[in-house]
Amino acid sequence: MMGKLSVTLIDVGWGDSILIESTSAAGQTHYALVDCNDTSTQRSSFLFVKRFLERKGFDLTLDQRIFDFVLLTHGHADHANGIQAMLSSFKTDWFWYPKSVDFGGFAKLVSYANKYPQKVKRHQAVDNTKLLPDLGDASLHVLWPPYTASGVYDTNNENNNSIVLVLNLGQVSFLLSGDCEADNWPQIVPGIPSIPGLAVFQAPHHGAVNGVFTPNGDTPWLDALPTGIRIAMSSHIRPHNHPAPEVVEELSNRNIDPFRTDLHYHLTFSTDGTLDGNGLPKVTEHWSHS
Amino acid sequence: MRAGFAKDTDQLAQNPIAPPYLGPYTIPILIDDIKQLQDFNMTRGTFFTIDASGMGDDWVAMLRGQGVPFLILGITNVLHRPDLDDLLFASAGMIDRLFDQIEAVEGLVVESEYVWLPNFLFDPHMGYFSSQEKPDQLSRGAVWRIGFGLFQMALTFRQEVIPTETYLERCRQVLQPGQIEIGYSPEESAAFQAWSGEQYQAAKKNFVEQRADPERGVLDYLDRYGNVVTQSVPRSNDDG
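Protein chains in written order, with the working numbering: chain A, 128 to 417; chain B, 16 to 255.
Please keep in mind that the hints were generated in silico from the structure rather than gathered at the bench.
Any given hint might turn out to be false.
Output of the computed footprint for chain B on chain A, the stretches with three or more beta carbons under 8 Å from beta carbons of chain B [as the list claims (entries may be wrong)]:
#1 211-221
#2 250-259
#3 346-357
#4 398-409
25 Å max Cα-Cα, derived SDA-like pairs, lysine to any residue [what the hints assert, rightly or not]:
#5 B:K50 to A:P372
#6 A:K242 to B:H95
#7 A:K218 to A:Y243
#8 B:K50 to A:P342
#9 A:K218 to B:T91
#10 A:K246 to B:Q216
#11 A:K242 to B:K50
#12 A:K218 to B:V120
#13 B:K219 to A:P244
#14 A:K242 to B:S106
#15 B:K219 to A:A212
#16 B:K219 to A:L259
#17 B:K220 to A:P372
#18 B:K220 to A:Y243
#19 A:K242 to B:V120
Note that CB positions come from ideal geometry on N, CA and C, so glycine has one too.
Please put together the full structure from these sequences, using the hints given.
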């Protein structure tokens, strides 16, 4: 049996919530979550994950740890709201986050991890020097933020502290980018050619202008991507028009038709880590609406 | 629900509480992100809620001064003051005590939520808040208090009941210059910052304990030369 890696961008209406499923060649399945943006009255992400796990045959009344890791890309509310409910209900082996400036909402999550080791076995800030454990047969690599002896990488713009994560299975890789703004990508893109079979790239910051264009109009990550790559985005027109029309136009000019949660709803990309007959990464896409 | 903080009925019977402060209610909002886009000029502010995932009993809500017993079933409550005696979160200890008190009850967790507020509300020239406050207090982590009416409107927008233009127009109509519906809260800004700092200090302490615990451990890392350094070797200045 081959291993399998699936990444689902859950359509939560605002922000990010990404479910990862990795089944090893030995048949063991591992789960992880990157970000969450539920509201107290609209638990879209929580219900998606709960139903997903129930369909997989989990008895959620049992005391068990579902997630290998929960990762908060950065300390903004549209990526963090609802994570505590996920930690509380499903439990995790690891909780990872970047170093961030003092802020109550993010501190509440750290506080929860400190106080409830039965829910969060261990937790730690990560940067691009940290070596993350495998998720089944898939390996994990942090491209951003860089380690800084002073602690927080950017104390003015939390987006720039976003963890950029690569998931690799065999000859195929997916990249998740949080809200890492375009300004940072000239430092990240030199590493892109060494990523094996980069096949899915999450556009940073939901397709916002500052996620794609630097202030002088450069498009560093777009210029660095291999031909034929799938670009996905957790996009939401409300409340502030993501993806931006300029971004949509730029992608269109490059003949890229992105996968968008505001158009496709829940988006799943899967791979067995192999190449197809043309030597390209073998990836299937599935979405719940078009 | 115009309610004070709930107490269990036994405690209430033994220690009758004074009529709660009935307003005007204001809600503390922590500045999270400030958007200054061509077509979207709003500030995202978070607030804390109690979320009840299960069913609890023996609670009482104060509704317009009257105690009403109720069972909890998936209710969400907005936290707006630390207890019945204090109007503001004046210290880190008050925040911690309230959160611990809530989460000590099975099925209750403190969560955060957010609303968007038009940036013009924070303009001192508009006179929505008192004149001694300065716009540089609109920074990440700063605490502002907003009136109940404005908060309700912001929630309506957050829940997509009204479109952006309607929300902006209602904000302009309801908030007349000189009417204080929004104000910077320096005491609570300091308290939440201190509380956040305490949580990060606790995380650093946890990191050291985690590293020493063979059942948990911490991540290995690459040093500046690309060598793998195992978790047993602390990095200078690396607090996790």
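Are the Cα positions of K219 of chain B and A212 of chain A separated by 25 Å at most?
With Cα atoms ~23 Å apart, K219 of chain B and A212 of chain A stay inside 25 Å; holds.
With a cut-off of 25 Å on the C-alpha distance, tell me whether K218 of chain A and Y243 of chain A pass.
Measuring from Cα to Cα gives roughly 10 Å; hence the hint holds.
Are K242 of chain A and V120 of chain B close enough, with their CA atoms no more than 25 Å apart?
With Cα atoms ~14 Å apart, K242 of chain A and V120 of chain B stay inside 25 Å; holds.
Just to make sure I understand the rule, a stretch counts as covered if three or more of its residues have a C-beta closer than 8 Å to a C-beta of the chain. Does the segment 211-221 of chain A meet that for chain B?
holds (count 4)
Would the hint linking K50 of chain B and P342 of chain A be met if the CA-CA limit is 25 Å?
holds, 16 Å
Holds or violated: K219 of chain B and L259 of chain A, Cα atoms, limit 25 Å.
OK: K219 of chain B and L259 of chain A at ~19 Å, within 25 Å.
Hinted pair K242 of chain A and K50 of chain B, Cα distance within 25 Å:
violated, 33 Å
Compare the distance between the alpha carbons of K246 of chain A and Q216 of chain B with 25 Å, and conclude whether the hinted pair is satisfied.
holds, 20 Å
K219 of chain B and P244 of chain A: Cα distance at most 25 Å?
holds, 15 Å
Are the Cα positions of K220 of chain B and Y243 of chain A separated by 25 Å at most?
holds, 14 Å
Proposed proximity, H95 of chain B with K242 of chain A (alpha carbon, max 25 Å)
holds, 23 Å
Does the segment 250-259 of chain A contain three or more residues whose Cβ lies closer than 8 Å to a Cβ of chain B?
holds (count 8)
Violation of the numbered hints given earlier is confined to hints 3, 4, 11, 17; the remaining hints are satisfied by the structure.
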